[in-house]
Amino acid sequence: MDIQIEEIGACRKRIQVKVPVDRIQSHIEEMYKWANQNIQMKGFRPGKVPRNLLEQRVGPQLLVDAKKSLVEETFREALQEQTLDVVGSPRIDIDEEPLVPDQDLAYSVELDVRPEVTVGKVKEVEIEGKEIEPTDEDLENALQSIADQRRQLSPVEGEIEEGDFAKADLDYCLDGKSVVKKEGLQINTRIPVVGTDPEEFTAKLKGMKKGGSAKLPITFPENFEKEEVRGKEGELEITIHEVMRFQSPAIDDELAKGYQFDDLDALKKDVLEKISEQKEAHEFGRREEAILEALYSENPFDLPEGLIVEESQHRLTQYAEHLRSQGADDEVVEKQLETAKEDVETEARLAVRNLFLVDAIAKKEKLFVTESDVEQQIQRIAAENQATVEDVKKYLEEKEMLGELRMDLVNRKVREFLRTTAKISDSLKDS
Amino acid sequence: MADSSIHYDIIRRPLFTEKGSRQQERTNTYAFEVHSGANKIEIRQAVESIFSVKVKKVRTMNVMGKLKRVGASYGRTSDWKKALVTLKEGEAIQLA
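In order, the protein sequence lines correspond to chains A and B.
Counted the way my numbering counts, the first sequence spans residues 1 to 431.
Counted the way my numbering counts, the second sequence spans residues 1001 to 1096.
Note that these hints are calculated values from the structure, not bench results.
Just to be clear, a hint being listed does not mean it is correct.
Said to hold, decoys possible - Some chain B residues close to chain A (C-beta under 10 angstroms, calculated; not the full set):
{"no.": "1", "residue": "Gln1024"}
{"no.": "2", "residue": "Arg1026"}
{"no.": "3", "residue": "Thr1029"}
{"no.": "4", "residue": "Asn1039"}
{"no.": "5", "residue": "Glu1042"}
{"no.": "6", "residue": "Val1070"}
Unchecked claim - Calculated lysine to aspartate or glutamate pairs in the EDC-like style (CA-CA distance at most 20 angstroms, straight line):
{"no.": "7", "chain 1": "A", "residue 1": "Lys33", "chain 2": "B", "residue 2": "Glu1018"}
{"no.": "8", "chain 1": "A", "residue 1": "Lys42", "chain 2": "B", "residue 2": "Glu1033"}
{"no.": "9", "chain 1": "A", "residue 1": "Lys48", "chain 2": "B", "residue 2": "Glu1018"}
{"no.": "10", "chain 1": "A", "residue 1": "Lys48", "chain 2": "B", "residue 2": "Glu1042"}
Ideal Cβ positions, reconstructed from N, Cα and C, are used throughout, including at glycine.
Turn these sequences into a full structure, and let the hints steer you where they fit.
This is the structure:
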């Protein structure tokens, strides 16, 4: 087997493999042997089908499959021989033509290899710290959003504002004569009556008061209840009976009691604790990223572009699935993906960079994941999901996620190490 | 036997079996399911006409249908005729 390796970019190589005829023929023989044992043919016991019959029945497909399996086999051997540390999925350039038994097989594979990462001093990296104590504004915003969860639609005095609702009568007229009257309907400035111009509808409604009325042109829609007026131009008279608005309750003891707290102070205390936790987690994450960024800037390395593309695509696919699960149609999904593409690519690049960086730091500082770490994590997952440890283990093994779990644990260990050993500069604090 | 379509009525299908392929290799004999009313001469002519080969010998046998059971009721598959056609040396048929 002839193997040629060519550098075609940062962390990217092209391997050209040439498989000789004798290897091809022995592979084809093996494939026929396997097929003979495994193909059920009426009139023959397994393994007893004559070769010519097999060639006629399954030959063409077998040669196509043989090509794929031979490429996989020889590619694996080539990697072992060359001791290449491949990352991501190799891109094999191969056609769908069947294997030719009396001709050498040549193919090429493009692949990404692990970059060489050097890390400098990883302890006491200097970064700026930010305040994590909750501010009055944080507390105010949090309490307001809690109150907003209990908001109710209630009548208000005064004019209709953007987003308000109104209880109204609608009178559909054609040539000055009433066609249909609808009473006591709930309308909203943002949801125009079908057949009216949306902008004009909103403009007319805004500023109206209880008892007021307004007229605006309407094109009777195709599904209008009176068939004879469908598609005709008419007039819609709106009479307002009540202006309604979503209003949040006051932030007081009453609100706190609604959330099973004794009084407002107890609610505030709980909210403050949660904000602290959130801010702390956020700040810790930010510090970890800042340290990784500093370490990378000190010793930058090339990133495998193929892996970044793969990671971006994986993230975009997940995002698309998430959008679809929320009921978005294909057009919306496509638009959203287009908008998010750039950000996702940046995130993917960062994730790939951190992956190699974290790995190098773990090796340098000998931060390894032990079996007991894995065990503890599995117990934690089990407790969080109300499942047994055995079930979680079985699930992780079935989905082949144990490797991922280990990587995640290493990542956490390294990040914690970086954060706890870093020098946080007080002078740059926000406070 | 001037009409060639009759030949296709006589030769119903070639038989692919372990025993048949062994006979093919050893004695150049091919097995066919044939019309139950066909005689050796008709079979010889049909094979020669359809496959453009020279036939050395034809042997035939009537095969009894198998007894089959569906639930409580018994039945039989149809009886049929098998022909073993030996070709002259150097002749061959491409089947399958």
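Now the hints, each set against the structure:
no. : hint                  : in the structure
1   : Gln1024               : holds (8 angstroms)
2   : Arg1026               : violated (12 angstroms)
3   : Thr1029               : violated (14 angstroms)
4   : Asn1039               : violated (26 angstroms)
5   : Glu1042               : violated (25 angstroms)
6   : Val1070               : violated (21 angstroms)
7   : Lys33(A) x Glu1018(B) : holds (16 angstroms)
8   : Lys42(A) x Glu1033(B) : holds (15 angstroms)
9   : Lys48(A) x Glu1018(B) : holds (7 angstroms)
10  : Lys48(A) x Glu1042(B) : violated (33 angstroms)
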